[in-house]
Amino acid sequence: MSDAVHVEHAGAVGHAHHPALQHHFDDLEQQQRAAMLGMWVFLLTEVLFFGGLFMAYILYRSWYPEAFHEASRHLSVGWGFFNTLVLIASSLTMALAVRAGQTTNRRGQLLFLTLTIVLGAAFLGVKVIEYGDKFAHHLVPGPDFQFTPAELAPAAEIYFSLYFAMTGLHALHMIVGAGIMLVMLYMAWRGRFSTEWYTPLEVSGLYWHFVDIVWIFLFPLLYLIGGLSVFGGGTGH
Amino acid sequence: MSAHIVPVRVYLIIFGALLVLTVVTVAAAGVELGWLNTPVALGIAVSKATLVVLFFMHVKYSTRLVKLTAFAGFFWLAIMITLTLSDYLTRDILAAGK
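As given, the protein sequences belong to chains A and B, one line each in that order.
Per my numbering: the first sequence = residues 1 to 237.
Per my numbering: the second sequence = residues 1 to 98.
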């Protein structure tokens, strides 16, 4: 395919193509629209992917409301709140990175992509602290799981299974997102993005914002259903 | 390309609104509202998600096809949740009638 493009370039008289334009598109605008639609269709599959877990959460919580309420009190609202702010800030820097692409601002792209990666790493760092805390307090589902009151333990174990499945899948998306942002950072460093063409930046931005939206729902549903009595603590037995 | 470039000011306003809504959702969780706590939290989450989708994800400035696609995803999620709950939440009612 790239050979064909080269041939076309060699034979082009008077109208050189942008190197990013693929031959089956009329112009870069049409190509960008196709990429955006394709990304949205992918995000729909992601909505339903996470949707299945949210559905499981809704059902189990409707069956065991008391256990979910008690189990939720073992999460740290303080860390959850902090991480929510971190992710919202990373969405802002992501939007500004895409804007820097639209305005051919290379330094802006480098700055805001770096900030996005740093904020993403901060989020994951907090997640490591929180997971470590759950291991230390025997709140990881399995043979070591301990929960008082004992009669709520089986349902509380379901809550923590959902907690790890949902936040784990979300964290995996964050790791993938950070990897994508490193590629974007490299492309930005090479000066690939300009007003004419910044499609990869925009498409990666959609992915990053989507992962932010998932957390916007995870935070209240997992952290806040037990009220605020353990603000900042979350490990009381 | 004829892309819509959103002013930085708009992004900062949306960011501020998201921060405020996050504080509101935490504050609301501290108030005992009974069964209303979850609908309030979900209402705030939906508002935040809508702001992100419309402005950060540029759906407000996108083609109708993208708008329709984004809407379809959340619409089908709503179908899945509604139909599933209409089954599970009514089983007791039906059993009691026998």
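Some hints could be false.
Said to hold, decoys possible - Among the chain B residues that face chain A by a calculated CB cut under 10 Å, a handful are: (1) 15; (2) 49; (3) 52; (4) 55; (5) 58; (6) 81; (7) 94.
Just so you know, the hints here were simulated from the structure itself, not pulled from any lab data.
What you are looking at is a predicted structure, and each value in this text was computed from that prediction instead of being measured.
Positions of the beta carbon are idealized from the N, C-alpha and C atoms, including for glycine.
Hints and how they fare:
Taken as an interface hint, residue 15 of chain B checks out: its beta carbon lies about 4 Å from the nearest beta carbon of chain A, inside 10 Å. Given the 10 Å rule on beta carbons, the hint for residue 49 of chain B holds: about 5 Å separates it from the nearest Cβ of chain A. The restraint placing residue 52 of chain B at the interface with chain A holds, with a minimum CB-CB distance near 5 Å, inside the 10 Å limit. Among the interface hints, the one on residue 55 of chain B holds; its C-beta lies about 8 Å from the nearest C-beta in chain A, closer than the 10 Å criterion.
A hinted interface residue such as residue 58 of chain B counts as satisfied when its beta carbon comes closer than 10 Å to some beta carbon of chain A; here the least separation is about 8 Å, so the hint holds. For residue 81 of chain B, the interface hint holds, since its Cβ comes within 10 Å of a Cβ in chain A; the closest pair sits about 6 Å apart. Violation of the interface hint for residue 94 of chain B is found here, the shortest Cβ-Cβ separation to chain A being roughly 16 Å, above the 10 Å cut-off.
In this structure, only the earlier hint numbered 7 is contradicted, and the remaining ones agree with it.
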